[in-house]
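Participant: Just so you know, the protein sequences line up as chains A and B, in that order.
Reminder that position 90 of the first sequence reads as 90 in the numbering used here, one-by-one numbering, no gaps.
Reminder that position 88 of the second sequence reads as 88 in the numbering used here, one-by-one numbering, no gaps.
Take the hints with a grain of salt, since some may be wrong.
The calculated DSS-like cross-link candidates involving lysine-lysine, where the alpha carbons are at most 27 Å apart (straight line), are [unchecked claim]:
hint : chain 1 : residue 1 : chain 2 : residue 2
1    : A       : Lys224    : A       : Lys56
2    : A       : Lys21     : A       : Lys56
3    : A       : Lys120    : B       : Lys11
4    : A       : Lys58     : A       : Lys78
5    : A       : Lys185    : A       : Lys196
6    : B       : Lys146    : A       : Lys56
7    : A       : Lys145    : B       : Lys350
8    : A       : Lys58     : B       : Lys146
9    : A       : Lys145    : B       : Lys11
10   : A       : Lys78     : B       : Lys146
11   : B       : Lys146    : A       : Lys74
12   : A       : Lys128    : A       : Lys73
13   : A       : Lys109    : B       : Lys314
14   : A       : Lys56     : A       : Lys78
15   : B       : Lys146    : A       : Lys65
16   : A       : Lys78     : A       : Lys196
17   : B       : Lys350    : B       : Lys42
18   : A       : Lys21     : A       : Lys65
19   : A       : Lys73     : B       : Lys314
20   : A       : Lys128    : A       : Lys109
21   : A       : Lys78     : A       : Lys65
Honestly, the hints are just simulated from the structure, not real lab data.
Quick caveat, the model's predicted, so the values are computed rather than measured.
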Amino acid sequence: MQTKDYVLAVEGLTVSFDGFKAVNDLSFYVDEEEIRVIIGPNGAGKTTVLDLICGKTKATDGSIKFRGQELTKKSEHKIVHAGVGRKFQNPSIYEDLTVLENLEISYPKGRTVFGALAFKRDDVIVEKIHEIAETIFLTDLLNEKAGLLSHGQKQWLEIGMLLIQDPDLLMLDEPVAGMSVAERKQTAKLINNITKGRSVIVIEHDMQFVEDIAHRVTVMHQGKVLSEGSMERVKNDPKVVEVYLGH
Amino acid sequence: MKKVLSNFMPKNDFVMYAILLTILVVVLPLALDIFRLNLVGKYLTYAFVAVGLVLCWGYGGILSLGQGIFFGLGGYCMAMFLKLEASSPENTAIQSTPGIPDFMDWNQLTALPWFWEPFNSLWFTIIAVIVVPTIFAYIIGVAMFKRRVGGVYFAIITQAIAAILTILIIGQQGYTGGVNGITDLRTLLGWDIRTDSAKYILYFVNVILLFVVLFIAQFIKTGKLGRLLVAMRDKEERVRFSGYDVANLKIFVFCVASAFSAIGGAMFTLQVGFMSPTFVGIVPSIEMVIFCAVGGRLSLLGAVYGTLLVSWTKTSFSETFPELWLFAMGALFIGVVLAFPNGIAGLYEKLKLNERLTRLLAEIRSLRPMAITSYNKTDNTNSKTQATGSSKKSSTDNKDNLSIDDPNLNNAPS
Numbered sequence: 001m002q003t004k005d006y007v008l009a010v011e012g013l014t015v016s017f018d019g020f021k022a023v024n025d026l027s028f029y030v031d032e033e034e035i036r037v038i039i040g041p042n043g044a045g046k047t048t049v050l051d052l053i054c055g056k057t058k059a060t061d062g063s064i065k066f067r068g069q070e071l072t073k074k075s076e077h078k079i080v081h082a083g084v085g086r087k088f089q090n091p092s093i094y095e096d097l098t099v100l101e102n103l104e105i106s107y108p109k110g111r112t113v114f115g116a117l118a119f120k121r122d123d124v125i126v127e128k129i130h131e132i133a134e135t136i137f138l139t140d141l142l143n144e145k146a147g148l149l150s151h152g153q154k155q156w157l158e159i160g161m162l163l164i165q166d167p168d169l170l171m172l173d174e175p176v177a178g179m180s181v182a183e184r185k186q187t188a189k190l191i192n193n194i195t196k197g198r199s200v201i202v203i204e205h206d207m208q209f210v211e212d213i214a215h216r217v218t219v220m221h222q223g224k225v226l227s228e229g230s231m232e233r234v235k236n237d238p239k240v241v242e243v244y245l246g247h
Numbered sequence: 001m002k003k004v005l006s007n008f009m010p011k012n013d014f015v016m017y018a019i020l021l022t023i024l025v026v027v028l029p030l031a032l033d034i035f036r037l038n039l040v041g042k043y044l045t046y047a048f049v050a051v052g053l054v055l056c057w058g059y060g061g062i063l064s065l066g067q068g069i070f071f072g073l074g075g076y077c078m079a080m081f082l083k084l085e086a087s088s089p090e091n092t093a094i095q096s097t098p099g100i101p102d103f104m105d106w107n108q109l110t111a112l113p114w115f116w117e118p119f120n121s122l123w124f125t126i127i128a129v130i131v132v133p134t135i136f137a138y139i140i141g142v143a144m145f146k147r148r149v150g151g152v153y154f155a156i157i158t159q160a161i162a163a164i165l166t167i168l169i170i171g172q173q174g175y176t177g178g179v180n181g182i183t184d185l186r187t188l189l190g191w192d193i194r195t196d197s198a199k200y201i202l203y204f205v206n207v208i209l210l211f212v213v214l215f216i217a218q219f220i221k222t223g224k225l226g227r228l229l230v231a232m233r234d235k236e237e238r239v240r241f242s243g244y245d246v247a248n249l250k251i252f253v254f255c256v257a258s259a260f261s262a263i264g265g266a267m268f269t270l271q272v273g274f275m276s277p278t279f280v281g282i283v284p285s286i287e288m289v290i291f292c293a294v295g296g297r298l299s300l301l302g303a304v305y306g307t308l309l310v311s312w313t314k315t316s317f318s319e320t321f322p323e324l325w326l327f328a329m330g331a332l333f334i335g336v337v338l339a340f341p342n343g344i345a346g347l348y349e350k351l352k353l354n355e356r357l358t359r360l361l362a363e364i365r366s367l368r369p370m371a372i373t374s375y376n377k378t379d380n381t382n383s384k385t386q387a388t389g390s391s392k393k394s395s396t397d398n399k400d401n402l403s404i405d406d407p408n409l410n411n412a413p414s
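Extracted from the complex, chain A is given alone in its bound form:
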């Protein structure tokens, strides 16, 4: 109805795997420039929600509207073209290519076969790559094979690969998993920096990190929304304490 006011409007979303409803009649809305964090116990369906939004999994029922466009029927690459970027849980980068080449492939140009054949690395692209590399703290490692990066640097690189696509909606699945405390702080700063002009959905378990970045928090449990609101409110919600935060 009023979905246009939201960047993302998920309504009645359901997916069932052989009768098991991993996501069950889920609805939530993400505002412009909002950082939304989804938390919840293991198996709550958090990653599945991201899979559904980016088209990796097809919904059984319900709708996902992104700036008024229905995403549930689109193929993955079309969803990317519409402006949705997604980071996977395990750092998903091209280990045999250099950091620069990793970023270059993610640059939104020459995305068809013949476009790629005609693609030239011009100054605009190189400049953009350097700009992004600086944001993700990898300027000195541009010509290094990505496989040689540390775990944290790989996570940053993947975030950088999304940034260079300049998506309107950025989805990050556990961006600080496996990072050191210092790296977590740096990543929180990074995420706060990069959200200017875009909306972000983050899945995370680290409560300190969630408090650092979240505008609003959605708590999921058994495929449904258990609670939603500011971190303060959610933390004090007895239902949330019972299923998630309590132990």
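Fit chain B to the known structure of chain A by using the hints.
Facilitator: Chain B alone, transformed into the frame defined by chain A:
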């Protein structure tokens, strides 16, 4: 312009291409008699397939065990043209229906089948040699990759198609010449292809075409598409969620590999003088993968050397111990996969022959200005730093040297 060129082919690669060209155009024709040179020509037609496999399998991670399909289709297209020319009414006057190929007459056909008609034209044939196999590859590609069939399943299906095509060719004897294939090919537009001079010319044409194919492959490999293929082999999902239609990339590279194979097939027919189902089926298709693996599945030139080496060994070995060859081939493949996953090219990298060669070349180059301007010290040191600079660059520049513990290798057929 110069920059574009050096992006396309680093200096080091250029030297390697020049070495191969010299071997093929100067050394071998001078060293071998025409019988042996013709054999080399035959081996080189397999190299087209191996080069295609480097792109498709080495870079794209798509293992096709059915490249014989496309080699065969290209070869058959060429053979059909040559056979029609050899079956002029004068040549076939003793048949009950003169003017059609002999095997059709033996199978009681009384008219040329409709799909043979266009092969009276050389231009149609040349186009068909490339287009027919490419369309076939496109159909297979769309059917498989759009449904996300990949990896081992794709390999098995291509193998099954190779088997089916062989059975089809053998079964339709009246239309295809059956198990004997299309034999007794004589002339190309009146030019006798069986003479020694024709064999020399065809050999050189073959080498030129091989280099054209190598340059196309080099262009694809060094451009963004080449990097995309590597990325796709590594993390297909990431490429898909970076906004690429992965299926299209796979279809393209599979079609390119098929077109290369088909050109090889057509040159095979011209140089060997016949085409038969033995070159379509499972065994030749797997042999071609072995050529590529032995040469190094990430190196275009390695694939050519691998093909020459394995084929040469096969010929010499099977002349002496025919029954042992298959075992030797199997052992070779297992040995390569276990010991040198990147084949000859990988071994070459490991021994750093590459850097030694560049250093040697750089030294030669730096010697020259030294001789001329030996009194000018600044100039001298300048050229020296340049030389060491270029040798350093080559070691980091080498894209062929990819990670050895590539997961795809463990999937290789053994």
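Participant: Please go over all the hints and tell whether each is borne out by the structure.
Facilitator: Quick rundown of the hints versus the structure:
no.: 1; hint: Lys224/A <-> Lys56/A; result: holds (20 Å)
no.: 2; hint: Lys21/A <-> Lys56/A; result: holds (16 Å)
no.: 3; hint: Lys120/A <-> Lys11/B; result: holds (20 Å)
no.: 4; hint: Lys58/A <-> Lys78/A; result: holds (14 Å)
no.: 5; hint: Lys185/A <-> Lys196/A; result: holds (18 Å)
no.: 6; hint: Lys146/B <-> Lys56/A; result: holds (15 Å)
no.: 7; hint: Lys145/A <-> Lys350/B; result: holds (18 Å)
no.: 8; hint: Lys58/A <-> Lys146/B; result: holds (16 Å)
no.: 9; hint: Lys145/A <-> Lys11/B; result: holds (22 Å)
no.: 10; hint: Lys78/A <-> Lys146/B; result: holds (15 Å)
no.: 11; hint: Lys146/B <-> Lys74/A; result: holds (15 Å)
no.: 12; hint: Lys128/A <-> Lys73/A; result: violated (32 Å)
no.: 13; hint: Lys109/A <-> Lys314/B; result: violated (47 Å)
no.: 14; hint: Lys56/A <-> Lys78/A; result: holds (12 Å)
no.: 15; hint: Lys146/B <-> Lys65/A; result: holds (26 Å)
no.: 16; hint: Lys78/A <-> Lys196/A; result: holds (24 Å)
no.: 17; hint: Lys350/B <-> Lys42/B; result: violated (30 Å)
no.: 18; hint: Lys21/A <-> Lys65/A; result: holds (21 Å)
no.: 19; hint: Lys73/A <-> Lys314/B; result: violated (54 Å)
no.: 20; hint: Lys128/A <-> Lys109/A; result: holds (12 Å)
no.: 21; hint: Lys78/A <-> Lys65/A; result: holds (14 Å)
When held up to the earlier numbered hints, the structure conflicts with 12, 13, 17 and 19 and fits the remainder.
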